[in-house]
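**Q** Listed below are the residues making up each chain.
Number of protein chains: 4
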Amino acid sequence: MAIMRMGYAHVRVTDLAEARQHYTQTLGLNEVAADGNKVYFKGWDEWDHHSVVLEEGGVGLVKFGFKAQYEDDLADIEKKAQAFGATTERISKGEELEVGEILRIHTPSNHIFDVYHEMTSGQVDVGNVNPEAFPRDLRGVGAPALDHALITAEDAGLMERFLHECFGYWTAEKVATSLDPADQHTIAVWMTATTQIHQLAVLEGPQSKLHHFAFRLEEGWEVNRAADLFAMDDVPIDVGPTRHGITRGKTVYFFDPAGNRNEVFAGGYLSFPDRPMVTWTPDVLGKAIFYHARELNERFTTVLT
Amino acid sequence: MAIMRMGYAHVRVTDLAEARQHYTQTLGLNEVAADGNKVYFKGWDEWDHHSVVLEEGGVGLVKFGFKAQYEDDLADIEKKAQAFGATTERISKGEELEVGEILRIHTPSNHIFDVYHEMTSGQVDVGNVNPEAFPRDLRGVGAPALDHALITAEDAGLMERFLHECFGYWTAEKVATSLDPADQHTIAVWMTATTQIHQLAVLEGPQSKLHHFAFRLEEGWEVNRAADLFAMDDVPIDVGPTRHGITRGKTVYFFDPAGNRNEVFAGGYLSFPDRPMVTWTPDVLGKAIFYHARELNERFTTVLT
Amino acid sequence: MAIMRMGYAHVRVTDLAEARQHYTQTLGLNEVAADGNKVYFKGWDEWDHHSVVLEEGGVGLVKFGFKAQYEDDLADIEKKAQAFGATTERISKGEELEVGEILRIHTPSNHIFDVYHEMTSGQVDVGNVNPEAFPRDLRGVGAPALDHALITAEDAGLMERFLHECFGYWTAEKVATSLDPADQHTIAVWMTATTQIHQLAVLEGPQSKLHHFAFRLEEGWEVNRAADLFAMDDVPIDVGPTRHGITRGKTVYFFDPAGNRNEVFAGGYLSFPDRPMVTWTPDVLGKAIFYHARELNERFTTVLT
Amino acid sequence: MAIMRMGYAHVRVTDLAEARQHYTQTLGLNEVAADGNKVYFKGWDEWDHHSVVLEEGGVGLVKFGFKAQYEDDLADIEKKAQAFGATTERISKGEELEVGEILRIHTPSNHIFDVYHEMTSGQVDVGNVNPEAFPRDLRGVGAPALDHALITAEDAGLMERFLHECFGYWTAEKVATSLDPADQHTIAVWMTATTQIHQLAVLEGPQSKLHHFAFRLEEGWEVNRAADLFAMDDVPIDVGPTRHGITRGKTVYFFDPAGNRNEVFAGGYLSFPDRPMVTWTPDVLGKAIFYHARELNERFTTVLT
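Chains as they are written, first to last, in my numbering: chain H, 1 to 305; chain Z, 306 to 610; chain R, 611 to 915; chain X, 916 to 1220.
Among the hints, a few may not be true.
Chain X residues, not near chain R, derived (Cβ > 12 Å throughout) [stated by the list, open to error]:
(1) Q940
(2) V947
(3) R1005
(4) E1010
(5) E1013
(6) H1021
(7) D1098
(8) L1118
The calculated label-pair distances, taken between Cβ atoms and stated as ranges, are [claimed, not checked]:
(9) E775/R x V1218/X: 47 to 57 Å
(10) M887/R x E1010/X: 22 to 32 Å
(11) E933/X x E298/H: 56 to 66 Å
(12) E298/H x A948/X: 48 to 58 Å
(13) S731/R x Q936/X: 25 to 35 Å
(14) G127/H x I417/Z: 36 to 46 Å
Since the hints were made in silico from the structure, they are not lab data.
All of these numbers come straight from a predicted model, not from anything done at the bench.
Backbone N, C-alpha and C define an ideal beta-carbon position, used for all residues, glycine too.
Please take these sequences and the hints and turn them into a complete structure.
**A** Structure (structure tokens):
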């Protein structure tokens, strides 16, 4: 395992006060640091310093962090990324708050992926000695952790190869124009490096855009309860609660106050490198994405940040 | 990842007809082959030929299969196991039905672990093209897949080192006599090689014994519904439905007609190699195992097969 | 209690074969009788002969049956209905299959309500002696029972008075143009005669129309699972799974093959005659009906049968 | 409907401070009044002044309140109770805090049942105008309301007749020595006056004792989550989470700090006066009470307060 997981999402928000309210009171993240125009958050079940960075000014993705298992992974991924044709930089330890040395990759999709091995330790809220099953008093949705993201790229198939070659990701599920691998155009891919069903998904679309980033919940009732809380807190819901055909996960899509799309996601089967990839054809795309409604709303495909 | 997962459990049962009824009609596995005194089963969400082998005659564990990601992993694990002092054998392709060449390891705990890279493909029941979220008509509990097992060993700490060095497993959770790693005796370990919270657990106890092997379910209501079906089908329940403190999973322990302990298990948080290990102290062992009752029943610690 | 419950729904369907498939295989009702162009069904947890009658030819409501607790209730309700200005008839025992003498009321909303005290006994599938918690092998959604219906009427307030005076129903929840009872126009009412949160709801709209009739499920996961099965069985979903603000129930609206709207409904709080009525104002009508999306789709308000 | 519901439970506790902590912080009731050595509580979804009264000094039941629908019900029930041979008293309005005139009945089981029609209004926490589905910030289990109780009596069959004749209750389920009504001894009865599956149950045992009183939850996951919170708050669990065969409800039994047994209860099917009574035979009593374990623990049958 070179990349263990998507370690953090760094996005812009128009108003930090509103965003703080949303991410801490509705989603239930802990604010762990503030630094100039940036605020840092972690979920109660995360052990690194932060998993979400909000930066005041505008809307949309700044970058994602990906945590590598070994220090040597940075050099290895650097070599592979450069061989793939991507531009890379090195960022010294400490330039990003509480993050060690960074390999910054400008991806073929024109996103910034920061690969790091070191981050200051945080603490799972329940601790590591005789822990309770969850914190006694969660706030709002009580999201335990960042889970995955979906970005858009002009060439989703190119990004699939990039993530496979440089990050060691495999494709759990794919939407393609044909079932014949030799004659198919890739519309979207769901990729991972572990049994977690996806860590990063890429959908054909404009370069450098964010579709959503997602927080993990454990069960379907928690997803439904999250939707109840969004109703109470006037959080705009995009779609859900419903199930995805792809990944089988339970989901609600919603927007933060700046308009960045968030998701709460639960379930999904376990992925393994030897599990045959699932392929979806464009004629059932609606059902693939929203298993119950079996159709996409226009907002889902057009609102990106 | 050297070992991807526990690929199959091979156990003895006193009566194959009764066992077939239990594993297919109550648990909902598919029977995929029969061969002399052995019957082979898979869950609906598994893509290899089988994950459970039942052999008529007696009760208890014959062996576990572990699937390695790469062909070369066998030689590599062989070298490490021998260096650790374990006895190994090679079993030719085909000697185990539908399994490729096997590295058979006689573990320090006196269990047999068969490491293989190749098994004849099965088919996830919903297929790999535009699949439904689950089979329309599941039988009984409808268990999708084998998940993990718990074995006993005279020296649980030794097995922990063995699994770490040879299989690349890390310890997600541990019961130990002290919180000081330098001065602790290991009573039990829960180990994995992926985000799946455990693939194999080892509890201090007699050599070569099986405590239970477990099937995965997705949500708590499915665990509760399984308990309902066990009541209807006269399946003896050992404990549950309840939650484990360790792993946070939801669980029911029950017995197959021969007396082998099974489990249905759902949930549990995601494990990662950099996640700090959780340690439990013996004074809260009851709560660690059964979070609600906070005490062990005698059967739980004494009935092994 | 004069009226105990809505005892049956009698609707038209364009094609009996398709409808049978939907109501027995997808919803899981039992077919209990067929008679000319009519087919009769009951849920597994119902003890009267039938709760659904399908009649071939067209689409839409024929009538509802309401079961009275005592034989004398028919004469009593007859007197009250006539005093209210409604037309009534008496139908002899046996003219409706397995139903005793009927008081037929032509309601102010121009619907037909058949009040009866006697129906041939059916049998709860699990029996009445040492029963299991549910049938071991349910088909599809496995709906246990008919629950309630929503009809439209030109004057919803008039129907509210009619149901209160003749049936002894009280209003659990109401949508009204103002919070002042002395100066409000009633847009919709949810009424009941027991702790069941509603047995009949009336929405301002055209006379004699059916909005939907609903089947009861026990928990939210069953509602979500129903939506999964509708996806598998190509049943068109109107809205859901979601929650209602009104009644707090969990819901999926869907259509039978003829186009009659059905619902699966779970939860809702307990109603009591002394519980203060809940009032909703038109500005939050979307949230009142669909708590998560907080807006009505056009289909929901325009498709009636 | 003469009696609408069990309106309040009044019990003794050894330590008011501990009890307050349990009932408000763990169960999530609201404290609404304190008066000398008594404290009054209500659930968030109740509209009367209180549903639980705790009185310092000892342990066990003081009395239950039952709310009648009409003022005239008191005289009517009084006449019936006296005809049945029970002793009755009248208690003036105001002698019980916030309760109107009371008909106090000394039941054949030597319990005190206070029948009242009037209680000062409380307020459902979410209000009656455009309410949210539940309070945004519940404490602990967040129990919405008192649900039912189980008492013991030397002659359970006598209490069944008493409750039927005086309160209008019917028997939803029964444990009896035989299936022949003409030749059976009644061991226990579950009785109600509405679709709520039971309001009061009576088990053969010592006079004047309390087995438990129960709070309503809506779904199984809430019952399981309650058990998690009991583990965190060191609340002793008697049994559960599990399902009852009787009523089909999901349950956890636990003890308040004084030793009174509480229950959280969810689900259960709807009762109706024409629904055939369910009878259980003593040979399956374990399964009738605890559907999964299929055996009673000794504590369950011997600990009464």
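**Q** All the hints need checking, so say for each whether the structure fits it.
**A** Now the hints, each set against the structure:
no. : hint                         : result
1   : Q940                         : holds (23 Å)
2   : V947                         : holds (17 Å)
3   : R1005                        : holds (21 Å)
4   : E1010                        : holds (21 Å)
5   : E1013                        : holds (15 Å)
6   : H1021                        : holds (26 Å)
7   : D1098                        : holds (15 Å)
8   : L1118                        : holds (18 Å)
9   : E775/R x V1218/X: 47 to 57 Å : holds (50 Å)
10  : M887/R x E1010/X: 22 to 32 Å : holds (31 Å)
11  : E933/X x E298/H: 56 to 66 Å  : holds (58 Å)
12  : E298/H x A948/X: 48 to 58 Å  : holds (55 Å)
13  : S731/R x Q936/X: 25 to 35 Å  : violated (51 Å)
14  : G127/H x I417/Z: 36 to 46 Å  : holds (38 Å)
Hint 13 from the list above is the single one not met by this structure.
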